Amino acid sequence: MAGARSFPTRGVLNRPRFSPVDVIVFVVIVLLLFGVLRLAHAMNASTATARVTVISTRPSELPYYAARSLLRMFIAFFLSIAFTFVYATAAARSRRARLVLIPLLDILQSVPVLGFLAITITFFIALFPGSVLGLECASIFAIFTSQAWNMTFSMYHSLITEPTELDEAARMFRLTKWERFWRLDVPGSMIGLVWNGMMSFGGGWFFLAASEAISVGNTKYTLPGIGSYVQAAVDKGDLAEVGAAIAVMVIMVVGVNVLFWRPLVAYAEKFRVETSEAAEQPKSYVLNFLRQSRVPGYISRPLRPVGRDLDRATRPFGLAESPLRTFGYKRRSGDVAFTVVTGAVILWGIYRAAVYFDHTAGFSPFIRCLGLGFLTFARVAVVVVASTLIWVPVGAKIGMSPRLSRYAQPVVQVLASFPAILLFPFAIVIFLALGISLNFGGILLMALGAQWYILFNVIAGASAIPTDLRELMDQFRVPWRQKWRQLILPGIFPYYVTGGITAAGGAWNASIVAEIATYGTHHLTASGLGAYIAQATVKGDFPGVLAGIVVMSFYVVVVNRLLWRPLYHLAETKYSL
Amino acid sequence: MTSTLPGTTPSYEPTGEVIIEAGHVTKHFTTPDGQPLPVLEDISLQLHAGEIVALLGKSGSGKSTLLRCIAGLIAPTTGTVACRGTAINGANPGVAMVFQTFALLPWLTVQANTEMGLEARGMPPAERHRRALKMIDLIGLDGFEQAYPRELSGGMRQRVGFARALVVEPDALLMDEPFSALDVLTAENLRNELLSLWGGKDFPTKAILIVTHNIEEAVQMADRIFVLSSSPGRFKAEIHCRLPRPRDRRSPEFEALVDQIYGIMTERTPEAGQQTTVVEPGLASPTDIPLPHASVGALAGLLDILSKRGGRDDLPVLARLLNFEVDDLLPVVDAAEMLGFAAVAHADIELTATGKALVEADILVSKKLFAAAARERAPLVKAIVRALETTKDQTLDQQFFLNLLGRGFSEDEARAQLDTAIQWGRYAELFDYTADNRELLLTGPEDEIPE
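Protein sequence lines, in the order shown, are assigned to chains A and B. Residues 1 to 577 (the working numbering) make up the first sequence, in order. Residues 1 to 451 (the working numbering) make up the second sequence, in order.
Hints are computed from structural coordinates only; laboratory data are not their basis. Quick caveat, the model's predicted, so the values are computed rather than measured. Hints are all accurate, no fakes.
Derived list of chain B stretches under chain A, where covered just means 3 residues or more per stretch with a C-beta under 8 Å from a C-beta of chain A: (1) 69 to 76; (2) 88 to 97; (3) 105 to 114; (4) 118 to 130.
Across the chosen pairs, the derived CB separations fall in these ranges: (5) A:T342 to B:E127: 47 to 55 Å; (6) A:I350 to B:T86: 49 to 57 Å; (7) B:D419 to A:A378: 45 to 53 Å; (8) A:I160 to B:G200: 39 to 47 Å; (9) A:K574 to B:L243: 51 to 59 Å; (10) B:G297 to A:R331: 43 to 51 Å; (11) B:L441 to A:A344: 49 to 57 Å; (12) A:T164 to B:G85: 26 to 34 Å; (13) B:H24 to A:A344: 38 to 46 Å.
For glycine and all other residues, C-beta sits at the position ideal for the given N, C-alpha and C.
Work the whole structure out from these sequences, hints included.
Given below as structure tokens:
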């Protein structure tokens, strides 16, 4: 029996030692490594050249800039994963940590990422004096903050809804903390993490493009990248070069989707916990190609002992268990200490902030921001309402036709990922020509990026409506009004709410770059909180920036609580199919 | 302790060394408004080498909770669990568990799942591969080593569950309703294979503790059977079962034992809190006498079959006839008894006069009979009707009742109680529930069934 098993099966003997597939995979891997090494070297260039980096707008330079931008995206993404692992695990496993970490995450999610840039750039430049690394870090940090919170929530949710019996099995078979994390926690969160990662990555392009060229306190900081290329082209007033950058951007977004995300999504299917198969299996040609190759096997084999060594090295951290019996007084005194320390830190923070504002700008910026915030809020509301009126009917039509949605879904996904900021110059040229004020034009700029989230989700919702229900409606010759009221709107509602929250969040963030615009020598400004933050950034007015961010976060949190949360609850309880 | 239990048959004393000992274990959960809710009360148990012990009880008897206390997965409120004389404070190192829902990691192959426990001990790869393959062989999974759980049938999945538990060579094997998620034939097959392995020399574990709600399964497998009463779980009887193995289900001794246990499980004891015939129903509160979770349809079906079989039958026979297990049948029997449609004595069930009338009546009259019985004899239904009658608009938020029920039940059980009451109340046209407003409202006189 054992002898028979050790024989290689016939398939192994028949295989050529190295197939063309393997050669291609191998060459691609080598090229990737080489490229990353080259680019990594450039990231640490001396600042003497960097601060005044003249971005060449020759289209032949575009691939290099695109590669620099792409590397930033991936570094930010891997940082987000690392952050997610630590933060989500801490929040899910520690009762006390959860009390602080989850509300904190909720607030962080509402903070406008771009508003922060002025502060983080100053911080990182001070951290790496004399090197362009500080700028790189600030840009990566901006992308990171646009991705990490979502992914962390996704993993936290997976961890706290882990099936009880799997948790019990892991404890019963005495897995160590480390083993449990890699055998149970990570695989169990994988599907949610991959889908959320894909969406967050798509959103990250916007912040990449916005963070590569920025002025803080009259100093212009520029990083080589596709965002700064567009900025330079706009300064020159050359729309053809902007067009070239857009073409490269589209190729990059599509390429990352095909070469990275599709394979990952298809691979993640392995980690589905329900033992039944998914209705429609995601497929990826790239993954199939990789699976044919033996190169991944060659790479993973020497890594296996490393994994074992890690298992052994982390053994002293103990089993994934907490003692059954705890002493009440010990626990209570721990709770008291924790509450006192946390409370003291928060109070001290509030006190310091109050002192800071008192010594600098006073509290008047807050009043001003509240008023301006209302104008921006009105724009966001118009964006969401208009997108809803336009895209809900269109999305429902597309979603209910399997043929249409098969083609439309990837296109819309690219549209949603595409950084709308690259399209702004075209819109602004039109505004200038027609004499449209940015007070109204800004709404359109904000909508350029935000609207697609609604369309994307409505399509997904409409295609999830069971076919038999639709056929039933047709069979009874239900008039279209009734059909919409009783089937389509309830069916897409939960998806629409998700799309609406994302669109509103996107619009708030976009307001910081959409309420103020420069094209060549023309300057357009709208009155709103976004413009206020952007102007404060340029002036280097940190108290103003801070006040703007605080007020904007306040608006986002309040609208979430008063509008989206109740809608979400309604969607979950009443309209879940 | 043993001899004081009513169902004890003192023919056998376990002689092997004590592997696991639970001493005076009680477990309280906390109700939503902070009251302690007893689930287990004063349970003492010894598991000896060489024996199979079954914990038998209806749902809500806390048998799975007891198993988890013994496994060291949850802490008892008071009392201790010791493994070979050492009190445990964490997952019990001497046991391995087989789960009702298999609890396999879907992303690991059969072999990797089997090796999980060995890997966690830090065993070198070559050694754990060897042991896992041997166990996979023994348990009948040969050829499936590289398959993923989702490619396997339920029976094969549970075999992986057994292989994973046995390969760590635990002192005792704990099983939480291991066959109840399988179809009848697969379950029977796997049970027999396990028993024949148990009889062999190479079986890697010394004792088995199985939780089940299936009386025949317990009699077929166990040397000792502990019958648990419901809410809170207490040992109601200890039955020693020394039939020679393999046991013949059709032998008179086997059937007599099954009958005896049926009698014990349906018997009303005062502390079980279900003495509906003695306690004046009007005085009992809904938290004293919980509604059995039986649907109106199942209740009508039971009465119907009973009437067709002459108005009286043996419960085990009825269960076999319907292919029901205790968990399915007993709530329906309890409901029939609570509402006065049937009477139970010594594992026999008999239709009462009202029961007969209900079966013979047409739908409207039988609804009336059901309504009368429910509002008189089901404490929760009665309480709801009374409460609704006293309000001005005859409407109350469901939360009002959930809060009341929360004094005596866990959150889930309170919800389940209210759901059952709503189902009964709707059928009886006593009151209705609107899911949109989450309100209960009295059914108006204009809706009432005509005389």
